[in-house]
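Visitor: Can you make the complete structure from the sequences, with help from the hints?
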Amino acid sequence: MIVLFFTLLLAAIAVGLSFLALRRGKATLSKGFADARGQFMHLLPRLTIGILGSGFIAHLMPKETVLAWFGPNSGITGTALATLAGTLTPGGPVVGYALGAAALKAGADFAQVIAYVTAWSLLTFNRMLTWELPSMPGKLIVLRAIVSLPLPFVAAWVAQVLR
Amino acid sequence: MPTGDISPLKRILGWLKRLDWGLVIVASLSFGAMARVLVTEGFGVAREILADDLWLYVSILPKVMLGCLIGALIRLLLSREMIERFVGEGSGLTGLAIAALIGMLFPAGPFTIFPLAVVLLASGADRGAAIAFISAWLLVGINRAIIWEMPFFGPDFVLFRFLISLPMPVLLGVWARLPLFDRFNPTIPARDDGP
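Residue numbers (the numbering used here), protein chains in the order written: chain W, 3 to 165; chain F, 22 to 216.
Hints in this document: simulated from the structure, not taken from any laboratory.
Since this is a predicted model, take the numbers as computed values, not measurements.
Incorrect hints may appear among the rest.
Calculated from the model, a selection of chain F residues having no Cβ within reach of chain W, i.e. all distances over 10 Å [what the hints assert, rightly or not]:
(1) A48
(2) R106
(3) T115
Incomplete in silico selection of chain W near chain F, CB under 7 Å [stated by the list, open to error]:
(4) A16
(5) V17
(6) A23
(7) G55
(8) I59
(9) L86
(10) V96
(11) G109
Note that beta-carbon positions come from the ideal geometry of N, C-alpha and C, so glycine has one too.
Guide: Below, the structure written as structure tokens:
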């Protein structure tokens with residue numbers, strides 16, 4: 003029900019924005035459609051390979067190890083391991099989600115997967131090197147990394163309490 | 022084997038540079054795992070695993086399409102100057118909230134977001150606002166959540182993670198503004214090149 007509502011909401015937003023674009027001229031709207039199609043075509047193979055693959059990766063992940071390291075009783079050590087794994091997972095939007103989803107299927111605790119996704123989103127080392135370092139001042143990168151470090155732990159804790 | 026090329030080595034190196042390594046890693050993991058399951062456990066198990074994931078994938082695909090369309094249209098309709106004005110002018114907690122809100126709503130890739138954060142710094146935003154902006158894009162970017170995260174985790178997980186992460190960009194901004202971090206204050210030469 004929520005999913006359907008959400009899809010309809012997105013459709014309504016898309017229609018509204020299309021009208022706004024059309025008011026600026028037909029060229030704007032058709033450029034919007036062309037851009038969207040380009041991005042979707044870029045996404046499609048990545049999503050397909052990642053999502054269908056994550057089921058197989060989950061199937062092969064050693065269940066005992068996942069449970070021992072990231073399971074419901076793994077506590078703060080598990081969160082620390084998940085955070086470390088998140089910073090070491092390469093950037094690019096598919097890898098972290100594919101592995102996180104696979105770990106969740108293989109029995110990792112919800113809160114630890116939240117910590118993993120949070121750490122990977124904020125702190126992946128690979129993205130800092132390839133994207134941030136060339137485009138931002140070093141001090142800002144270091145500061146962002148320092149202040150973000152506690153966040154995966156906070157997120158895991160909040161997830162644990164609210165769940 | 023390409024023959025007759027002037028410098029095939031250079032061509033291969035250029036190609037390696039442009040290669041999407043994230044995709045290469047995921048593809049090798051995915052196809053490797055698939056091959057292993059096929060070899061060790063047979064076709065039946067493999068088909069079950071595929072069927073399990075396929076329905077989520079198919080049910081999320083329309084949202085991914087709409088997400089792409091919304092992202093493309095917002096990028097066309099919202100100019101960079103508008104964002105600069107909004108974020109550069111705000112100060113205090115309002116400034117952080119505006120920076121976070123724009124980071125959350127603005128659909129863009131890393132090639133836009135990080136340079137834009139630097140532009141924001143140059144046009145008057147402080148380090149807290151820049152960090153709130155980047156963190157919001159990374160943690161609660163709506164476009165990213167819909168087109169990338171939801172196909173993998175489904176709406177429930179994403180919504181939960183999204184809601185608990187919602188206050189975090191502003192908190193990170195406040196935390197980064199503490200005098201404790203003064204020595205990390207980025208120095209950006211003020212821009213004098215008018216538009």
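Visitor: None of the hints should be skipped; say for each whether it holds.
Guide: Taking the hints in turn, this is what the structure says about them:
1. With a cut of 10 Å on Cβ distances, A48/F falls inside the contact zone with chain W, its closest approach being about 5 Å.
2. Separation of R106/F from chain W is adequate, the least Cβ-Cβ distance of about 19 Å exceeding the 10 Å criterion.
3. The beta carbon of T115/F is kept farther than 10 Å from every beta carbon of chain W, the shortest such distance being approximately 20 Å.
4. Nearest Cβ of chain F to the Cβ of A16/W: about 5 Å, under the 7 Å cut. The hint holds.
5. The interface hint given for V17/W is broken, as the beta carbon of that residue sits about 10 Å from the closest beta carbon of chain F, more than 7 Å.
6. Interface restraint check for A23/W: the shortest CB-CB distance to chain F comes to about 5 Å, inside 7 Å, so the restraint holds.
7. For G55/W, the interface hint holds, the least distance from its beta-carbon to any beta-carbon of chain F being 2 Å, beneath 7 Å.
8. Annotation: I59/W was flagged as interfacial toward chain F, and the flag holds, the nearest CB pair being 5 Å apart, inside 7 Å.
9. At about 18 Å, the closest approach between the beta carbon of L86/W and any beta carbon in chain F exceeds 7 Å, and the interface hint on this residue is violated.
10. For V96/W, the suggested interface contact is upheld, since its CB lies about 5 Å from the closest CB of chain F, less than 7 Å.
11. Hint status for G109/W relative to chain F: violated, with the closest Cβ pair at about 15 Å, above 7 Å.
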